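Residues per chain are reported as follows:
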Amino acid sequence: MTYILVLEQILNGLQFGVMLFLMAAGLTLVFGVMGLINLAHGSLYMVGAFAAAAVAGWTGSFLLALAASLAAAAAAGALMELVVIRRLYRRNHLDQVLATFALILVFSEGTRWLFGSFPLFLDVPSYLSGPISLPGGIEYPLYRLAIILIGLAIAAGLFLLIARTRIGIQIRAGEADREMIAALGVDISKLYTLVFALGAALAGLAGALVGAIQSVQVGMGEPVLILAFVVIVIGGIGSIKGALAGALLVGMTDTLGGVFLPRLFTLFMEPASAASAGASLASMLIYILMAGVLLVRPSGLYGGST
Amino acid sequence: MMVTRESLLNWAMIAALLLVPLAAWSLDEPFIITLATKAAILALAGVGLNIALGLGGLISLGHAAFFGIGGYAMGILAAHAQNYEPLFEWPFLFEGSNQMPLIWLVAVVFSALAALVIGALSLRTSGVYFIMITLAFGQMLYYFAISWSAYGGEDGLSIWVRNDFPGLNTLDPIQFFAIAYVILCGALFFAARLARSPFGLALAAARQNEDRVEAVGLTPFTLRLTAFVISGAITGLAGALFADLNRFVSPTMLSWHTSGEIMIFVILGGVGRLYGPVAGAALYILLEHLLGGISDYWQIFLGVLLLLIVLFARGGLIGAIAGREKAHG
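Just so you know, the protein sequences line up as chains A and B, in that order.
The numbers in the working numbering rise by one with no breaks, and the one at position 185 of the first sequence is 185.
The numbers in the working numbering rise by one with no breaks, and the one at position 24 of the second sequence is 1024.
A couple of the hints might just be wrong.
[Claimed, not checked] Residues on chain B that point at chain A, a partial pick, calculated with CB under 10 Å: (1) 1088; (2) 1092; (3) 1132; (4) 1135; (5) 1209; (6) 1213; (7) 1306.
[Stated by the list, open to error] Simulated restraints, written as ranges between beta carbons of each label pair: (8) A:267 <-> B:1211: 50 to 56 Å; (9) B:1216 <-> A:71: 41 to 47 Å; (10) A:292 <-> B:1196: 38 to 44 Å.
Note that these hints are calculated values from the structure, not bench results.
Here the structure is a predicted model, which is why all the values come from computation and not from measurement.
We put the CB at the ideal spot given by N, CA and C, even for glycine.
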């Protein structure tokens, strides 16, 4: 085992974490500002990936595909908010869970009806394919490095948006006291639609970016959705900072655990059983991490009281 | 007890669930009997969830964990019995089992233990955290089952012959239906008694006002954990029966879609209604059968129907027919 392998896996973990952050940011914003739990967030990830695959198929341009994923997911998010979600803000969590679960059924089966059950493929563009040499003698896929950079840039942009702009002030005020900012003349329902569409666009972009590494298929959003839940539970629901910390923690744990646990187990087990025991434990590792965090801090790393 | 529209409706439903398969039996329509058996078993899973959800107000999105543990209890015991491979040799030789009562016992014990561990960790939190954590624990078991290659991994485990029940021929659809139906009735009776017991009243009170329950000297955490364990055990029993119905168990039983579906049974019928899961599971099976015949994409209609019920008809099916009175609370 060399340090190059370790560094490579750390970069993979970073890449996974950054993508999880794009998913988790929308979820945690929507929960923080509107108090809504949205299971259908994974559907927006899927919508983004399918829009990108379709546009890339028609035009052959990866940049247009990314733009399409942002636009389609934001539009689907805004539509979802206007038709269904805004009726749920005053409802209890059970109603929100059910209604958004129903939305998943509609979106997943609707996409299957439109595009069929077979996975689509989204190709990495030629200018981003192939490996790149990093200092220290590491050969790393350029596309994955690009994903890390895009993700970090978006994270920085999001922090600036929330900390420095007028919309950001309104979002933070909405988290603190929604009646008060409505009384101050902010159009709260427009703000809610905007926040929801913003979160949707981020999820859609994540779907498109990951879709070029994996395949684009119905139901692709759900494993990511559940990981994003783990992320925001670890980070503290409603906190963007927590979402970033949680996403990186989960991304690293999952990636490094999957690679190194089976190797670790070979130290004291037979190779065959070590591989399967290591893989089993690795698949459960992030949930064990979550349980551990909750034992110490029941409302997450950066969470206040719920 | 006063005869209300709801109790009349309950009797009508439980009678219909018996009469439909009996009629199908006399007309020699085994497929309809199997559908009714499936409805009874899924209703049982819903009755289990409803103790946590309706009575305790605990929105668990991880009940597939218990359903799947029950299923795997059946799969593992029966697989060892059919292959004559001992499950363990110490402290005594145990070769697995194809006897339903023993399988049910194992299913109930293990799902109760899992509910104890998951509940003890999850109930430290509340509200939306609780929903997400139960969901995450369910997924954890799902991924564990996928990577557990000794028992089929992703492909699941098949059983050649349905397990035995002393004195009955379980391969005869109507006899297997009778087993599922009797267990469902037993669980409904138990849930009704539980809701009216001091424990059930305290649990409902903890749902409505935690501080007051604490002020009279009860511990909401213990009440909820007990309810969660009972709830998980009943759902686990349903899982063992469901796996026996299909003679197959796979990680799908543990997936969060299953958790969502069990919750749908409870909601389609009406939250907090004792017989809600019966109405909901029957309606679900009916929709799956009717709409599934029209379109492969029938879950779009299910999704739209569920949305309409959540947004506009919150009492569910029973609420729409019997009015707004609550079964218990």
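Checked hints:
1. Hint status for residue 1088 of chain B relative to chain A: violated, with the closest Cβ pair at about 17 Å, above 10 Å.
2. Interface hint status for residue 1092 of chain B: violated, as the beta-carbon distance to the closest one in chain A is roughly 25 Å, over 10 Å.
3. The closest approach between the C-beta of residue 1132 of chain B and any C-beta of chain A is roughly 4 Å, which is under the 10 Å cut-off, so the hint is satisfied.
4. Annotation: residue 1135 of chain B was flagged as interfacial toward chain A, and the flag holds, the nearest CB pair being 6 Å apart, inside 10 Å.
5. Against a cut-off of 10 Å between C-beta atoms, the interface hint on residue 1209 of chain B is violated, since the closest Cβ of chain A lies about 15 Å away.
6. At about 19 Å, the closest approach between the beta carbon of residue 1213 of chain B and any beta carbon in chain A exceeds 10 Å, and the interface hint on this residue is violated.
7. For the restraint placing residue 1306 of chain B at the interface with chain A, the shortest Cβ-Cβ distance is roughly 4 Å, inside the 10 Å limit, so the hint holds.
8. Between residue 267 of chain A and residue 1211 of chain B the Cβ separation comes to about 52 Å, which falls inside the hinted range of 50 to 56 Å.
9. A hinted range of 41 to 47 Å is violated for the C-beta pair residue 1216 of chain B and residue 71 of chain A, which are about 57 Å apart.
10. Checked against the given bound of 38 to 44 Å, the beta carbons of residue 292 of chain A and residue 1196 of chain B, roughly 40 Å apart, stay inside it.
Hint violations for this structure: numbers 1, 2, 5, 6, 9, all remaining hints satisfied.
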